[in-house]
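S.K.: Okay, here's what each chain looks like letter by letter:
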Amino acid sequence: DAGVIQSPRHEVTEMGQEVTLRCKPISGHNSLFWYRQTMMRGLELLIYFNNNVPIDDSGMPEDRFSAKMPNASFSTLKIQPSEPRDSAVYFCASSLGGESPLHFGNGTRLTVT
Amino acid sequence: GESVGLHLPTLSVQEGDNSIINCAYSNSASDYFIWYKQESGKGPQFIIDIRSNMDKRQGQRVTVLLNKTVKHLSLQIAATQPGDSAVYFCAENSPGTASKLTFGTGTRLQVTL
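Residue numbers (our numbering), protein chains in the order written: chain A, 1 to 113; chain B, 1001 to 1113.
Worth flagging that the hints you see were computed from the coordinates, not collected in a lab.
Even glycine gets a Cβ: it sits at the ideal position worked out from N, Cα and C.
Some hints could be false.
As the list claims (entries may be wrong) - In silico contact screen, one side only, chain A against chain B (beta carbon under 10 Å); selected entries:
#	residue
1	P8
2	F33
3	N52
4	V53
5	P54
6	I55
7	D56
8	M60
9	E62
10	F65
11	E83
12	V89
13	C92
14	G98
15	P101
16	F104
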């Protein structure tokens, strides 16, 4: 059981650069979630997909953030342009959908200088 | 000015004692609740879940209690071990959207030898 796989584990970039975070959900899971964790705000849901379709993106901070899920085994979260306040740990999680637990990856720690 | 992060309540427990971690949830219509454990540098890890039609559920060394009257959730860990040291989060679903979880701010559990 490989679990949810995220890459990269760490990303350091300069303000204004594009950042792409990647996620491979657990095989067979049909729901995928992107969360952001900061000391100030804790764990916040950004967006989630069911069967590759975005269902709720109300947590996406602004238009600089976008997420895609081109197939059942891959999703990306893109920030363009990045800003220092985007610095956080970004988690991807997947689940079987409905009332089932989310399984999280180990996150991408993003630092924007 | 200096930014202030979330102040995580901390519970210190001696090894071998029982731990009780409490959580107040916000929405009386939530019907699915989960406890997660997060170790440093890792993603949240599923511990146990409970649905609103139950008031108690037991796992291996852990018990979750749900009191819907006062919107309170607790996690009991029996015979606490050093490996239990972590931050523990409760999460509730959004009514009508079983997949969408809102996380609490977390409690840090420190196990002393």
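S.K.: For every hint, state whether the structure bears it out.
M.R.: Outcome of the hint check:
1. P8: violated, 14 Å
2. F33: holds, 8 Å
3. N52: violated, 14 Å
4. V53: violated, 12 Å
5. P54: Since the shortest Cβ distance to chain B is 12 Å, the answer is violated.
6. I55: holds, 8 Å
7. D56: holds, 6 Å
8. M60: Violated, about 14 Å.
9. E62: violated, 20 Å
10. F65: Since the shortest Cβ distance to chain B is 18 Å, the answer is violated.
11. E83: violated, 15 Å
12. V89: holds, 9 Å
13. C92: Holds, about 8 Å.
14. G98: Holds: closest Cβ of chain B sits about 5 Å from G98/A, inside 10 Å.
15. P101: Holds - the Cβ of P101/A comes within 10 Å of chain B, reaching about 4 Å at its closest.
16. F104: This interface hint holds because 3 Å falls under the 10 Å limit.
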